[in-house]
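Asker: We have chain A already, so just place chain B on it with the hints.
Chains as they are written, first to last, in the working numbering: chain A, 1 to 397; chain B, 398 to 682.
Derived from the structure by calculation, the hints contain no laboratory data. Any given hint could turn out to be false.
Chain A regions said to be covered by chain B (calculated; three or more residues, Cβ under 8 Å) [unchecked claim]: (1) 20-33; (2) 86-95; (3) 209-223; (4) 257-267.
Taking beta-carbon pairs under 8 Å as the criterion, some of the chain A residues facing chain B (in silico) [to be verified]: (5) Leu79; (6) Ile81; (7) Ile103; (8) Glu104; (9) Gly108; (10) Asn110; (11) Leu113; (12) Leu126.
The beta carbon of each residue, even a glycine, is placed where N, CA and C say it ideally should be.
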Amino acid sequence: MAAEVLVKVEGLSKKFCKDLKTSLWYGVKDLVSGITGSQANRPLRDKEFWAVKDISFELRRGECLGLIGHNGAGKSTLLKILNGLINPDEGSVTMRGRVGALIELGAGFNPILTGRENIYNNGAVLGFTRKEIDAKVEEIIDFSEIREFIDMPVQNYSSGMKVRLGFSVAVQMEPDVLIIDEVLAVGDLGFFFRCLNKIGELIPKTAIIYVSHNMPQVARICTKILLMDRGKSIFNSYQISDGISKYTHSFYNTSFQELGSGDITLENISFLNFEKNNHFINGEDLTLNFELKINARGINPFFLVLKIYDQQLREAVNCFSNLTTGLTIPKTNTINVKVTLSKLFLNKGRHFISISAESETDKKIYCHATNALTFDVEDEYCGYATSTFPGSWDISR
Amino acid sequence: MLEDKKLPVTIYEKQRKINLVKLLGQTLTDFFGSHFLALQLTRRDVSAQYRQSYFGILWLFITPLASAAIWVFLNSSGTITITDTGIPYPVYAFSGTLIWSILLESINAPMASTNAARGIISKINFPKEALVLSGIYKLLFNSSFKVLLLVVFIFAFGVGFHWSLLLLPLVLVMAVVFGTSLGLLITPIGLLYSDVSRLISMGLSLLMYVTPVVYGIPKTGIMKTIMTYNPFTPFILTIRDVAVGSSPEFLNYFIGLTGLGIVLFFIGLVIYRVSIPVIVERLSA
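The shape of chain A in the complex, shown without the other chains (with noise of 0.2 Å):
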């Protein structure tokens, strides 16, 4: 059986002005029309524009949606109508039972108080009564591991220290319906997978609205995905995996970028088992192929790597040529190089190779070319490291 329906977005939009004086005066005519009840139609006017157009989707107890797109895609304005702190010009938000939103952690905290105090605060806030904040107190004091220094006033805090108990507090509501957006980052890696683990724990009893750009994350904790552009969602479904695809394609451009010297270039790249920006399957062989074209006489005797980047362009491979065949003494006006990176294993997503020349005597880059290949790695699953390895296991009964 289905769970209930907590979230149930139709038809959303939200108007923004681009201007401040004239977003004003608007606003001062949307305080008479609010007042006064007016039901009619809003167009948009003049240097207005749709922060969010026409969002449509639902969410049951238990599934968890992630919001993901560019800076400015209107993830943190839908959020703002969800949370019902301003108002849709078009369409309609239902929400079932207590909504809790992580959207700033420690909003309210007044400096001067102590930690103790802005527990109490913030609680407040939060629609805690007295009492439940007395009962909670402890546990909220544990959870933040900074007990040693509750009782010194929170401008004294690292800003770690404020998000660790801005969480702490938040997450004692026990929500029907969560709202995470992008506040986990902050704190150290210990406390990043106790929230983490956290909300584990709240998933199945709670429909999660989480915004993030982080996309590993978002693979291990959703459930659905929508992808949202210029206000407009471009991909709703269930299809993690494409979602996040859809959002990192749209992200990169792979323009080829030569740095270094200019000593050595590289020309006629390509791979030797598929075509350019075509698909890898994990575990199969990555064999390239390049020329290096010497320009410069006299150089000394270099070495090459290649490395691969990830969708984060984090690293994920290096590979140096003179740990297996040394120097490289360029002789010839071109050399041919062909490199085989043998059953590779990588992170879904797309990735990138760069190829660089260096001279080992004196450090000099000679060539460095970055972008010079990408290829997408097809996987069903997405973790946090940068490859995951399926390995041969034997475990004994």
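Answerer: Below, chain B alone, put in the same frame as chain A:
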């Protein structure tokens, strides 16, 4: 899996059909339901306000005392001549500046507390009525200290005790409600345009001179007419009369304005509730 228990349903739409009764009901529920939050906000502001200060709570008295002292000096040195007020002039001047400062604060309170809460208004959904309520709590807290000092003055200058003094808290609350409701009505537009708060503070500082704050209403002339109809006059005079035990001559006007104030207060609250999303949108866009 949890079964479909009775969950509260919230709907956000372009424009609700305004159902005044329902809206007023929601407003009042939130206004009185947010008592703890308002108290917490008040406690936060009050304790933070004086934690970084050496004189602390003394600052509450210093401003009205200083402006009363100026008028006392102007009067006693003969720079200006003030017609007999019937009570010792220091008591008259201090009670005037003090009540005036309470009225001013109550007009500014809703806008000030909403402005100070901008950061949370645009991030967290909570009953905004708590901001208004906490503004009132803060006012009452501050005013109670001022009133204590006024009582000290009344005895120190030999005015003595009158039973009507016991009515003082009640009439003060009435003045606070009247001031707050005026403040509430201008808050939505005042949050959008900073011109409003500048105009108000300029207007009010001029208005003080046509209100019997430091001198009484003259017997004749244009000033008499203005001061008699000035809606702040009955508040200043009635509160002072109650405090020193003379018979309040503007009592009917006072009662009328108080009634109006209560009605305006509820209208202001409803308007405030409807306006906040529009303001959040314009301020944090």
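Asker: All hints are to be evaluated individually against the structure, with a verdict given for each.
Answerer: Going down the list of hints, with the structure as the test:
Chain B is given as covering the region 20-33 of chain A, and this holds because 8 residues of the stretch bring a CB closer than 8 Å to a CB of that chain, at least three being needed. Chain B is given as covering the region 86-95 of chain A, and this holds because 10 residues of the stretch bring a CB closer than 8 Å to a CB of that chain, at least three being needed. As drawn, the region 209-223 of chain A meets chain B at 0 residues by the rule of a beta-carbon pair under 8 Å; below three, the given contact is violated. Counting residues of the region 257-267 of chain A whose C-beta sits closer than 8 Å to any C-beta of chain B gives 0, which falls short of three, so the coverage hint is violated.
At its closest, the beta carbon of leucine 79 (chain A) sits 10 Å from a beta carbon of chain B; the interface hint therefore is violated under the 8 Å criterion. Proximity of isoleucine 81 (chain A) to chain B holds as hinted, the smallest CB-CB distance being about 6 Å (cut-off 8 Å). Taking 8 Å as the C-beta contact cut-off toward chain B, the hint placing isoleucine 103 (chain A) at the interface holds, the least distance being around 5 Å. Residue-level restraint check for glutamate 104 (chain A) holds (minimum Cβ-Cβ distance to chain B is 5 Å; threshold 8 Å).
Contact between glycine 108 (chain A) and chain B, as hinted, is supported at the beta carbon level, the nearest pair being about 4 Å apart and thus within 8 Å. Hint on asparagine 110 (chain A) holds. Least Cβ distance to chain B is approximately 5 Å, under the 8 Å limit. Nearest Cβ of chain B to the Cβ of leucine 113 (chain A): about 6 Å, under the 8 Å cut. The hint holds. With a least beta-carbon distance of about 7 Å to chain B, the hint placing leucine 126 (chain A) at the interface is held under the 8 Å criterion.
Violation of the numbered hints given earlier is confined to hints 3, 4 and 5; the remaining hints are satisfied by the structure.
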